[in-house]
Amino acid sequence: MVLFLKAYAGRSSVSGYSAQTWIAKLVNEYLHPGSYFCWFSTNFNAMANGDDSNPIWLYWWLDRAVAQGGVNNAKVQQVRANLLLAIDRELRAAGRASEIADATYVVTGAPLQMFTPQVWRINMAAIAGRYTGGHQYPDEYNITDLRAGEFEIVIS
Amino acid sequence: MAYDPIQCTRAYLTLWKLVDRLLPDYSKWLEIGPIPNVELEINAKYIAGSSLSNLNWCDEPDRLRKYAITVLGLLRHQPLEQGTMADADRLRSELMGQALRYAKEINPETSEWPRTFPWTLLSSKGR
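Those sequence lines, one after another, are chains A and B. Last residue of the first sequence: 174 in my numbering, with the numbers rising by one and none dropped. Last residue of the second sequence: 227 in my numbering, with the numbers rising by one and none dropped.
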C-alpha cells in the first residue's frame with residue numbers, strides 16, 4: 019500500500035489558514051448550509067497579528083482547553099457565546115425564530131469535546147475576489163461565503 | 101410580558117459583544133457571521149432607554165439596564181485608556197457570565213415550537 023502525504027507551506031500566498039472548532043463548523047452548516055463565514059491568515063503562525071487572530075495560537079489554546087477538561091476555559095466560553103449570538107441573530111433574520119430555543123439548548127449543553135479545534139487550509143485561488151483584507155491586523159482576511167470545496171481540514 | 105430567558109440571553113450577548121469589540125483581544129475569529137456594530141448599539145440603547153416595566157421579560161430589569169448604560173458609557177470613551185481597559189475586561193467577563201447563565205435556562209421542553217435542531221450533532225464523532 020502506498021501512502022501519499024500532502025504537505026503545505028506554513029506561509030504561502032496560495033493558502034489561507036483558519037482555526038475553527040468542530041461545533042462552530044456544525045453550527046455554521048446549520049445556520050447557512052453550504053456557506054461558511056470565517057477569518058483567516060496567509061501564515062499558519064501569523065506573528066504579525068495579535069494572538070487572538072493567529073490560527074496556531076487559537077488552535078493551541080483550544081486544544082489544550084479540551085485536553086485539560088477546561089469546561090469553563092475563557093476561550094471555550096467565548097466560542098459558546100459567539101455561537102449563541104449567531105444563532106439568535108441569524109435564525110431571527112431568516113424567519114426561523116422558532117428554532118432558537120432548540121439550537122441554544124444544544125449549544126449550551128454541548129460537551130467540551132465538541133470544542134475540539136480544527137485547522138482549515140483555504141484554497142486562495144478558489145476564493146479570489148471574494149475575501150476582504152485591511153482589517154485590524156495585516157495578515158487577517160474575512161470571507162462570508164466560503165464553500166465546502168474551497169477548503170480542507172488539515173488538522174482535526 | 102412573562103420572563104423570557106431567550107430575550108435575556110440576547111440582551112446580555114449584545115452587551116457582551118459591544119464590550120468585546122472594544123478590547124484588543126476581541127474574539128473576532130470565533131464569530132461565524134457578520135454582526136453590524138450599529139445593530140448591537142441600537143439594541144443596547146433600547147435597553148438603556150426602556151422603563152423597567154418594558155424590560156419585564158427580564159427577572160432583573162434594573163441590573164440589565166444599568167449594564168446597558170455602563171456599556172454605552174464605555175462606547176463614548178473609545179479608544180479605551182489602559183486603566184479603563186481592565187475595567188472593560190472585567191465587565192466583559194460579567195456580561196458573558198450572565199448571558200451563559202440565562203442561556204442555560206432556555207428549555208425547549210417547555211417551548212411550543214417543534215424540535216428542529218439536528219440532535220444527532222451531540223452523538224456524532226469529532227475526530
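Hints are computed from structural coordinates only; laboratory data are not their basis. Keep in mind it's a predicted model, so treat the numbers as computed, not measured. Warning: the hint list may mix true and false statements.
Unchecked claim - Just the calculated beta-carbon pair ranges, DEER-fashion: (1) A:GLY87 - B:PRO179: 35 to 45 Å; (2) A:SER30 - B:LYS166: 19 to 29 Å; (3) A:ARG165 - B:SER153: 39 to 49 Å; (4) B:GLU141 - A:ASN90: 27 to 37 Å; (5) A:ASN90 - B:PRO124: 35 to 45 Å; (6) A:ALA25 - B:GLU139: 37 to 47 Å; (7) B:PRO136 - A:SER116: 51 to 61 Å; (8) B:GLU209 - A:VAL32: 24 to 34 Å; (9) A:HIS153 - B:GLU209: 57 to 67 Å.
As the list claims (entries may be wrong) - Simulated pairs of lysine to aspartate or glutamate, EDC-like, Cα-Cα distance not exceeding 16 Å: (10) A:LYS43 - A:ASP163; (11) A:LYS93 - B:ASP187; (12) A:LYS93 - A:ASP81; (13) A:LYS24 - A:ASP163; (14) B:LYS204 - B:ASP159; (15) B:LYS166 - B:ASP125; (16) A:LYS93 - B:ASP162; (17) B:LYS128 - A:GLU168; (18) B:LYS145 - B:ASP125; (19) A:LYS43 - A:GLU170; (20) A:LYS93 - B:ASP104; (21) B:LYS204 - B:GLU139; (22) B:LYS128 - A:GLU170; (23) A:LYS43 - A:ASP157.
All C-beta atoms in this analysis are idealised placements derived from N, C-alpha and C, irrespective of residue type, glycine included.
Hint by hint, here is what the structure shows:
A C-beta distance of roughly 37 Å is found between GLY87 of chain A and PRO179 of chain B, which places it inside the suggested range of 35 to 45 Å. At about 50 Å, the beta-carbon gap between SER30 of chain A and LYS166 of chain B misses the expected band of 19 to 29 Å. At about 48 Å, the CB distance of ARG165 of chain A to SER153 of chain B agrees with the hint of 39 to 49 Å. The beta-carbon spacing between GLU141 of chain B and ASN90 of chain A, approximately 29 Å, falls within the hinted interval of 27 to 37 Å.
A hinted range of 35 to 45 Å is violated for the C-beta pair ASN90 of chain A and PRO124 of chain B, which are about 23 Å apart. Our hint of 37 to 47 Å for ALA25 of chain A and GLU139 of chain B holds, since their Cβ atoms are close to 43 Å apart. Between PRO136 of chain B and SER116 of chain A the Cβ separation comes to about 24 Å, which falls outside the hinted range of 51 to 61 Å. At roughly 50 Å, the beta-carbon separation of GLU209 of chain B and VAL32 of chain A lies outside the given 24 to 34 Å, and the hint is violated.
For HIS153 of chain A and GLU209 of chain B, the Cβ-Cβ distance of about 42 Å falls outside the hinted range of 57 to 67 Å, so the restraint is violated. Taking the CA atoms of LYS43 of chain A and ASP163 of chain A, the gap is near 13 Å; set against the 16 Å cutoff, the hint holds. Of the pairs offered as hints, the one joining LYS93 of chain A and ASP187 of chain B is violated, with about 19 Å between alpha carbons and a cut-off of 16 Å exceeded. Taking the CA atoms of LYS93 of chain A and ASP81 of chain A, the gap is near 10 Å; set against the 16 Å cutoff, the hint holds.
For the proposed pair LYS24 of chain A and ASP163 of chain A, the alpha carbon gap of about 26 Å is over 16 Å, so the pair is violated. For the hint linking LYS204 of chain B to ASP159 of chain B, the alpha-carbon distance of about 15 Å falls within 16 Å, and the restraint holds. Using a Cα cut-off of 16 Å, the hinted pair LYS166 of chain B and ASP125 of chain B is violated, with the two alpha carbons roughly 25 Å apart. For the hint linking LYS93 of chain A to ASP162 of chain B, the alpha-carbon distance of about 29 Å lies beyond 16 Å, and the restraint is violated.
For the hint pairing LYS128 of chain B with GLU168 of chain A, the CA-to-CA distance comes to about 22 Å; that exceeds 16 Å, so the pair is violated. Restraint check: the Cα-Cα separation between LYS145 of chain B and ASP125 of chain B comes to about 24 Å, which exceeds 16 Å; the hinted pair is violated. Distance hint between LYS43 of chain A and GLU170 of chain A is fulfilled; the C-alpha atoms sit about 12 Å from each other, no more than 16 Å. For the hint pairing LYS93 of chain A with ASP104 of chain B, the CA-to-CA distance comes to about 27 Å; that exceeds 16 Å, so the pair is violated.
Simply put, LYS204 of chain B and GLU139 of chain B have alpha-carbon atoms about 25 Å apart, too far for the 16 Å limit, and the pair is violated. Proximity of LYS128 of chain B to GLU170 of chain A is assessed by CA-CA distance (about 21 Å); at most 16 Å being required, the pair is judged violated. Taking the CA atoms of LYS43 of chain A and ASP157 of chain A, the gap is near 22 Å; set against the 16 Å cutoff, the hint is violated.
Violated hints, in rising order: 2, 5, 7, 8, 9, 11, 13, 15, 16, 17, 18, 20, 21, 22, 23; the structure is consistent with all others.
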